[in-house]
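Chemist: This is what each chain is made of:
2 protein chains.
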Amino acid sequence: MQRVELKDITSGLVGTTVTVCGWVRTSRDSKNVAFVELNDGSELNHTQIVFDKAAFDDKTLSPLLALGAALKVTGTVERGMKEESVEIRATAAELLGASDPSYPLQKKRHTMEYLRTIPHLRVRTNTFNAVFRVRSELSYAIHEYFHKNGYYYVHSPIITGSDCEGAGEVFKVTTVGFDPSVKTEADYNAKDFFGRPAGLTVSGQLEGETMAMALGKIYTFGPTFRAENSNTPRHAAEFWQVEPEVAFCDINDIIEIATDMIKNIIGHLLAECRAELEFFDARFEKGLIDKLRNVVESEFARVDYADAIEILKKSGKQFVYPVEWGLDLQTEHERYLTDEYFKRPVFVVNYPKKIKSFYMKQNPDGKTVAATDLLVPGVGEIIGCSERENDYDKLLAEIQSRGMKLSDYEGYLDLRKYGSVPHSGFGLGLERILMYVTGMSNIRDTIEYPRTKDELR
Amino acid sequence: MQRVELKDITSGLVGTTVTVCGWVRTSRDSKNVAFVELNDGSELNHTQIVFDKAAFDDKTLSPLLALGAALKVTGTVERGMKEESVEIRATAAELLGASDPSYPLQKKRHTMEYLRTIPHLRVRTNTFNAVFRVRSELSYAIHEYFHKNGYYYVHSPIITGSDCEGAGEVFKVTTVGFDPSVKTEADYNAKDFFGRPAGLTVSGQLEGETMAMALGKIYTFGPTFRAENSNTPRHAAEFWQVEPEVAFCDINDIIEIATDMIKNIIGHLLAECRAELEFFDARFEKGLIDKLRNVVESEFARVDYADAIEILKKSGKQFVYPVEWGLDLQTEHERYLTDEYFKRPVFVVNYPKKIKSFYMKQNPDGKTVAATDLLVPGVGEIIGCSERENDYDKLLAEIQSRGMKLSDYEGYLDLRKYGSVPHSGFGLGLERILMYVTGMSNIRDTIEYPRTKDELR
Chain H
1 MQRVELKDIT
11 SGLVGTTVTV
21 CGWVRTSRDS
31 KNVAFVELND
41 GSELNHTQIV
51 FDKAAFDDKT
61 LSPLLALGAA
71 LKVTGTVERG
81 MKEESVEIRA
91 TAAELLGASD
101 PSYPLQKKRH
111 TMEYLRTIPH
121 LRVRTNTFNA
131 VFRVRSELSY
141 AIHEYFHKNG
151 YYYVHSPIIT
161 GSDCEGAGEV
171 FKVTTVGFDP
181 SVKTEADYNA
191 KDFFGRPAGL
201 TVSGQLEGET
211 MAMALGKIYT
221 FGPTFRAENS
231 NTPRHAAEFW
241 QVEPEVAFCD
251 INDIIEIATD
261 MIKNIIGHLL
271 AECRAELEFF
281 DARFEKGLID
291 KLRNVVESEF
301 ARVDYADAIE
311 ILKKSGKQFV
321 YPVEWGLDLQ
331 TEHERYLTDE
341 YFKRPVFVVN
351 YPKKIKSFYM
361 KQNPDGKTVA
371 ATDLLVPGVG
381 EIIGCSEREN
391 DYDKLLAEIQ
401 SRGMKLSDYE
411 GYLDLRKYGS
421 VPHSGFGLGL
431 ERILMYVTGM
441 SNIRDTIEYP
451 RTKDELR
Chain Z
1 MQRVELKDIT
11 SGLVGTTVTV
21 CGWVRTSRDS
31 KNVAFVELND
41 GSELNHTQIV
51 FDKAAFDDKT
61 LSPLLALGAA
71 LKVTGTVERG
81 MKEESVEIRA
91 TAAELLGASD
101 PSYPLQKKRH
111 TMEYLRTIPH
121 LRVRTNTFNA
131 VFRVRSELSY
141 AIHEYFHKNG
151 YYYVHSPIIT
161 GSDCEGAGEV
171 FKVTTVGFDP
181 SVKTEADYNA
191 KDFFGRPAGL
201 TVSGQLEGET
211 MAMALGKIYT
221 FGPTFRAENS
231 NTPRHAAEFW
241 QVEPEVAFCD
251 INDIIEIATD
261 MIKNIIGHLL
271 AECRAELEFF
281 DARFEKGLID
291 KLRNVVESEF
301 ARVDYADAIE
311 ILKKSGKQFV
321 YPVEWGLDLQ
331 TEHERYLTDE
341 YFKRPVFVVN
351 YPKKIKSFYM
361 KQNPDGKTVA
371 ATDLLVPGVG
381 EIIGCSEREN
391 DYDKLLAEIQ
401 SRGMKLSDYE
411 GYLDLRKYGS
421 VPHSGFGLGL
431 ERILMYVTGM
441 SNIRDTIEYP
451 RTKDELR
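Going line by line, the protein sequences match chains H and Z. For the first sequence, the numbering used here gives the first residue as 1, with consecutive numbering after it. For the second sequence, the numbering used here gives the first residue as 1, with consecutive numbering after it.
Just so you know, not all the hints are guaranteed correct.
Given that identical chains are not distinguished, each listed pair holds provided it fits within a single copy or across any two copies.
What the hints assert, rightly or not - SDA-like mimics (lysine to any residue), calculated; alpha carbons at most 20 Å apart, straight line:
hint : residue 1 : residue 2
1    : Lys343    : Leu292
2    : Lys72     : Asp253
3    : Lys31     : Ser62
4    : Lys417    : Gln106
5    : Lys183    : Leu61
If you are wondering where the hints come from, they were derived from the structure by calculation, not from laboratory data.
Looking at chain H on its own, in the form it has when it is part of the complex:
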C-alpha cells in the first residue's frame, strides 16, 4: 500500500484505510488503548495514532510506544476529538527502527543550552522543527522574490585571495596548517594549495558588483565567515547572507527595494508558516504575529544619522556607550530608536564616512556617506545598505588613505574605469532576520550546527 504523508491525512479521508510512516513524538498508554503522536516531517503538528489493545498485545506494542521510534502504520482514518482533527486507528503496525531507552529527548522540558549539545537530535523537538521549517521557507521566499523581480542569483567565491592578510577576523584556508618542518613563510606558501594566502569570504559584495556591472540586477545568497572572538547571542563564525547589487540604482532606490523585499518575505511567512508562527507566538514571543503583520503594513521610518544622535541625546536615557556625532551606534542605541522611539523598523541614513567601509559613496558634504542600516525592534541591525562609490579617483584615494593593499582591488577599480554606473546594494543576515521572525534570542538556535569560538560539533 502506497504511503501517504501525514500532512495529507485530512478529514476528506475519513473512513478510508491508509499507510503512514513517522517518528513517535509522544505516547500514552491506558487500559484498553494506547496513543502515539506521530510526525513524519511533512507538517509541524502531529497525527494521533490509536492502538486498540484487543488487536495489539503488550509485547508488540511496547517498542512502538518508545519515544523516537520509527513506525509504519496501516489503519482507518477517523474523526478526532477536536474539530477538523483526524486520527488513525491502527490495524497493522511495523517497527521500522527501534529507539534505544537512552534516547535523550524524553518527556520533560529541556533547556536550549542542553539541546545545543545534541544538534543532531534537537531538530526532532517541536521548537527546532519549527525553526528549520521557517528557515527553509524564508530562504525560498528570498529566492522567489528576487527571481520574480528579474535578479540573477550569483555564487560569489567562498575562498578568496583578498583581505586575507587583514585583521584576525578572517579565517585562513590552507592545506599546510601546523608543520614544524616549514621554516619560512615563503616555504609555507610554496607548499600550500594555492601557492599564496587564502581566506574565507566575509562578504560576496565586491564580486557581486562585478556581476551587476554586466547582468544589471544580481543577488548572492551564501555562507560568509568571521573569526570574531566576541561571544554574544547575535554573532556566529559562519552565517548566511543575502547580498543584492543593483546597477543604475541610487541610495533612495535601494532603500525602496530593501523595504519591498522585507515586506514581501515576511508576508510570505505569514501566509505559508502559520502553524510555526503561532507556535513561536505562544511559546517564545507573545505578540510575534502582530509584530510581523505590523512590519508588512506600516511605513518604515527614516532618520538621518545626525538626527538620530540628537534623538538619543535628548532621550534622557543613561547609555553605557557614549552618544556623539562620529561614533557608531551600539545595540543599546539601536534598540532605543526602534523599540522606544520609532516603534517600527527604521532606516538610519548618512553615517559618518570614518566609521563606514571604503566602498561607500561619499556625500557632497565631505564627511558622510550614502549608507544606511535598517534597524528592527528587538534585534537591531538586520540590513546594511549603501550606494557604492563609482568614481575611480575617489575610490582609489580611499583605498590608499586606509592603507589597504592596492593589488587586491585592481579588478574592483577596473569596474570604475570601464563604464562605471551608479549602483547600490545591501546585505541581509539570514540568521538575524530568522531571530526576528521566530523570537529565538540566540543565533545558535537558528543554525543546524552553529560555529562559534571554541565550539565545533
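Here the structure of chain H is known, so what remains is to put chain Z in place on it, guided by the hints.
Modeler: Using the frame of chain H, we list chain Z on its own:
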C-alpha cells in the same frame, strides 16, 4: 523620465519615447548615423540605438561609442530591420561612465584561456553573460522543484570538525597558519579559533541525514570543497552541490526522484532560457537543444554494474584503464556507455562495496552496495546516489574496518540507534550539469571566480 529595462522595449512601444540605460557592447560609425548595441543585463540580446549625426556632433558621440561605456539614452522606439525587432532612435544621451581605451574586450575573438585571466570583465561577453544567466535560472529551477515537492532547504555547515584529519583532499580552516613561534600541535590547536582541527566540508550529506530524520525530505544546496591536485577540465577546488536526502525511501524510489528532478530542471531551462540555449547550440555544441529535449522525453537507461563491465569487455574498444569487476569506472568507460552504447543518460546500479563509501547500504550479496551513478553523454557522472546503511551494527563495523575515527561519527551512528528508517539521497554537482546544458568543456568557464590548484584570482 522613468528608466525602462531593455527586455521591456518591445514592438508594443513603437512610437513612444523611452529612457534606457546600458553598456555599449558593439558600435558602428558611418557617415550620417552611428549605431550602438546596448545591453543592460535584462536580456541576452542587445538593443540597437541609432544616433543621427545631425543631432549629435562627433565630440559628443565619440565617447558614447566606446566599447564598455555606460550610457543613459532617451529616444523613440522604432521598428528594426528584422521582423519583430525594435530599435531606439536617440534624442538625448548621457555618458554615465566612460570606458578607458585600455578596455580589454575589444572587437576580436578572445580565447577562453585569456578570458579566464579577467574574471571581473569576462561576464560582459555574450558567452559568459549566457553562462551566468543559465547558472542562475538552473539554480532557481532546483529550488523551485524541491520546494514544490515538499522538501526543506537545509544549510549544512561549511566548516566541519569531522574528516579534517583525513587525506590531503580536505582544506584546513585556521586562524593560526604559518607561525614559527608555535612549537607543538597542541599549542597550535590551543591558539586556534575552534581549539581543534577544522576543515571545509566535502559534502553536506551526513548533516543532511540528521535533518531528514526529523523533517522527512530535505535538500542542501551550497558550496563544497576538495583540495584536489588533479588539474582537469572537470575538477575545481570549490563547487556547488545539491544533496537531497529522503526518509522512508529506498534505492528505487530515489532513482525515480533523481530522474524526475533532472527532467524537470532541464525542461525548465528549455522553457525559460531559449535565447541562451540557442546561443550555445550555435556557438559551442551543435545539437545541444535536441540533446536536452531528448533527456526530457526519453526513458533513462539502467544497467547493473556487473552487466556494464560485461558490455565494456565486449565493446572491442582499447581502453587505457583496465576493465574488471571490482575496479571503478573511468571517464573513458563512462563515456563509452553513455555516448556509444546507450546514447542517453544511464544509471549504473549496485557497485562493488570496496570502491564506494562507508555509508552505503550493503546488499544481501555481501559484496555490492545499493548505490548508483547517473552518467550522461558528453560529461560522464553528474549524480552519485545511494540508499544509506540504516543498520547500526553494519555501519559501525564498516567505520571500524576502514580505520575511520569513531568519535567523528557518534552523532551519525545515533541516527541508527533512535528510530532508524530506510533513507536515500544523492549529490548533484551544479557545475557538472551546467557543463552539460551549456556545452562548456571546462568547469572553470561555469564559475565566476574558479578556484583550482595554484589559481586564486
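Chemist: Take the hints in turn and mark each one as holding or not.
Modeler: Comparing the hints with the structure gives:
no.	hint	result
1	Lys343 x Leu292	within (13 Å within a copy, 54 Å between copies)
2	Lys72 x Asp253	between (54 Å within a copy, 17 Å between copies)
3	Lys31 x Ser62	within (13 Å within a copy, 93 Å between copies)
4	Lys417 x Gln106	between (64 Å within a copy, 15 Å between copies)
5	Lys183 x Leu61	neither (66 Å within a copy, 60 Å between copies)
Violated hint: 5 only; the structure is consistent with all others.
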